[in-house]
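Below, each chain spelled out in residue letters.
Protein chains: 2
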Amino acid sequence: MKIYDTHTAPTPRRVRIFLAEKGIDMEYVQVDLQKGENISPDMRLKNPIGKVPILELDDGTCISESVAICRYFEALHPEPPLMGTTALEQAQIEMWQRQVEFALFMQVGMCFQHTTGYFKDRMTPVPEYGEVAGINASKYLNVLEKRLKDNEFIANNSFSIADITALCAIDFARVVKIKIKDDQVNLQRWYNAVSARPSASA
Amino acid sequence: MKIYDTHTAPTPRRVRIFLAEKGIDMEYVQVDLQKGENISPDMRLKNPIGKVPILELDDGTCISESVAICRYFEALHPEPPLMGTTALEQAQIEMWQRQVEFALFMQVGMCFQHTTGYFKDRMTPVPEYGEVAGINASKYLNVLEKRLKDNEFIANNSFSIADITALCAIDFARVVKIKIKDDQVNLQRWYNAVSARPSASA
Numbered sequence: 721m722k723i724y725d726t727h728t729a730p731t732p733r734r735v736r737i738f739l740a741e742k743g744i745d746m747e748y749v750q751v752d753l754q755k756g757e758n759i760s761p762d763m764r765l766k767n768p769i770g771k772v773p774i775l776e777l778d779d780g781t782c783i784s785e786s787v788a789i790c791r792y793f794e795a796l797h798p799e800p801p802l803m804g805t806t807a808l809e810q811a812q813i814e815m816w817q818r819q820v821e822f823a824l825f826m827q828v829g830m831c832f833q834h835t836t837g838y839f840k841d842r843m844t845p846v847p848e849y850g851e852v853a854g855i856n857a858s859k860y861l862n863v864l865e866k867r868l869k870d871n872e873f874i875a876n877n878s879f880s881i882a883d884i885t886a887l888c889a890i891d892f893a894r895v896v897k898i899k900i901k902d903d904q905v906n907l908q909r910w911y912n913a914v915s916a917r918p919s920a921s922a
Numbered sequence: 721m722k723i724y725d726t727h728t729a730p731t732p733r734r735v736r737i738f739l740a741e742k743g744i745d746m747e748y749v750q751v752d753l754q755k756g757e758n759i760s761p762d763m764r765l766k767n768p769i770g771k772v773p774i775l776e777l778d779d780g781t782c783i784s785e786s787v788a789i790c791r792y793f794e795a796l797h798p799e800p801p802l803m804g805t806t807a808l809e810q811a812q813i814e815m816w817q818r819q820v821e822f823a824l825f826m827q828v829g830m831c832f833q834h835t836t837g838y839f840k841d842r843m844t845p846v847p848e849y850g851e852v853a854g855i856n857a858s859k860y861l862n863v864l865e866k867r868l869k870d871n872e873f874i875a876n877n878s879f880s881i882a883d884i885t886a887l888c889a890i891d892f893a894r895v896v897k898i899k900i901k902d903d904q905v906n907l908q909r910w911y912n913a914v915s916a917r918p919s920a921s922a
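From first to last, the protein sequence lines stand for chains S and B.
In terms of this note's numbering, the first sequence is residues 721 to 922.
In terms of this note's numbering, the second sequence is residues 721 to 922.
The following block holds chain S by itself, in its conformation from the complex:
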C-alpha cells in the first residue's frame, strides 16, 4: 500500500503524524499540487474531487480524506488509541477534532486560498471572504486557550487526532500570518509539547 502525499501541504501531514504516532511505516508518493498533478485524470480516478492524501491499498482500492485514512489505521492498529476507546471518548475526540477542523484548520485554509489566489487556476478566490476566514481562525485560538487552561490536550487527557489537526492548522497558519498570541500561554505550552513529539517532523 502507499499514500499519495504532498509534503508541504497541511492536510496530508495529519496522516503522516497519525501514522508516526502508531509506528506504521508507509510508502509516500509525492504529488505536486501547484502543477495540478492532483487533478490529473489518473488522480481523479483515485479521488473524484482531486485532493490528497489518498491511501491506495494493494488491490487498488483508494481511500481519500485524511480522517478516513486515519480511521482505517485506527481500526487495524488500535494502539496507541488516537480516536478514543470508549463510546464517550470516541465522541469527545470526534467533537474536538471536528471543531478544530471547521473553526480553525478550514478557516486557515480558506484564508490562504482566498487571499493568496494560490489555486486561482482551479477555484474562484474571494479575498474578502479570505479575510473573514482568517479572523474566524484567530478567534478560535481563544477557545483553545481556554480549553487548554485545564486540560493537557485538546480532547481529553491523552494526545489524540484533535491535537494533530490543531498542530497542522497552527503551523500552516504562519503562511497567512496567524500566530499564537503572547498572552495565550496555555496554547503555547500545549504547542511546545506537541511540537516536541517525534511525530511532528513526519
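The set of hints was computed from the structure by calculation and includes no laboratory data.
Since the structure is predicted, the reported quantities are computational estimates derived from the model, not experimental observations.
Incorrect hints may have been included.
[Said to hold, decoys possible] Here are the computed lysine-lysine pairs in the DSS-like style, where the Cα-Cα straight-line distance is at most 25 Å:
| # | chain 1 | residue 1 | chain 2 | residue 2 |
| --- | --- | --- | --- | --- |
| 1 | S | K755 | S | K722 |
| 2 | S | K859 | B | K840 |
| 3 | B | K869 | S | K766 |
| 4 | B | K866 | S | K766 |
| 5 | S | K859 | S | K899 |
| 6 | B | K866 | S | K869 |
| 7 | S | K859 | B | K755 |
| 8 | S | K766 | B | K859 |
| 9 | B | K766 | S | K859 |
| 10 | B | K859 | S | K840 |
| 11 | B | K859 | S | K755 |
Here the structure of chain S is known, so what remains is to put chain B in place on it, guided by the hints.
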C-alpha cells in the same frame, strides 16, 4: 439524556434521522437559532462555539457536533451499522460522509448564510462567496450522480451516515434554489428511496 435541537435546521436533522434509523427514542429540546438562543451564555457553556445539536447526558456531560453525537450512539447501539463494521467499511463511509459534508452540505450552508444574511447579526456575510459556494454545491451533485449510477447508496451497498448527510443537504438546498437536475436520474432514484424511509420525517 436529551438533545438540544432546531427542527428547521439541516444539521440537527442528521442526528434525528440517525437515531430514528437506530430506533432510539430521545427527548428533544427546541432552540431558536434566529432569536440567538444557541449563543446564550448558558448554551455557550454546553458548546463554546454556540451550535446545535448538543447531546446532554444525565451527568451534564455535553457532546456537540452532529457526527460526534452519531458516533456515540453507533458505539453504544451498533445495529443497524450506519458508520461501517470492518476497517475498510468504516473508512469508506467516513470518506464519503466527509466529502458530502464538505463539498455539498457545507457549500449549501455557506451559500445560505452568505447570500441571505440570515445570521448577519453574528457573522460577516460575503455574498460573492455565497454564490461561489452555491456553484460548488451544484457541481458536486454531478459527482453523486456518477457515483449512484453503479451504487445503490453513496458509500457502499447499505444505507449509511453518508446518505443522511446528503439527504439533509439536498433538502435544505431548496432554500437557495439548488435542486437535482432533470438528467440526474440516478441521484433522483436514490433521493426518492432515501426520502421514503420512515427516518426521513424524523
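For each hint, the structure was consulted:
About 21 Å separates the Cα atoms of S/K755 and S/K722, which keeps this hinted pair within 25 Å; it holds. Distance hint between S/K859 and B/K840 is fulfilled; the C-alpha atoms sit about 17 Å from each other, no more than 25 Å. With a C-alpha separation of about 17 Å, the suggested pair B/K869 and S/K766 falls inside the 25 Å cut-off, and the hint holds. Simply put, B/K866 and S/K766 have alpha-carbon atoms about 14 Å apart, close enough for the 25 Å limit, and the pair holds.
Among the hinted pairs, S/K859 with S/K899 is consistent with the structure: their alpha-carbon atoms are about 11 Å apart, no more than 25 Å. The hinted pair formed by B/K866 and S/K869 fails the criterion: a straight-line CA distance of about 48 Å is larger than 25 Å. Of the pairs offered as hints, the one joining S/K859 and B/K755 holds, with about 23 Å between alpha carbons and a cut-off of 25 Å not exceeded. At most 25 Å may separate the alpha-carbon atoms for a hinted pair to count; S/K766 and B/K859 meet this at roughly 18 Å.
The hinted pair formed by B/K766 and S/K859 meets the criterion: a straight-line CA distance of about 18 Å does not exceed 25 Å. With a C-alpha separation of about 17 Å, the suggested pairing of B/K859 with S/K840 holds against the 25 Å cut-off. Between B/K859 and S/K755 the CA atoms are separated by roughly 23 Å; this keeps the pair inside 25 Å, and the hint holds.
Violated hint for the displayed structure: number 6, the only one.
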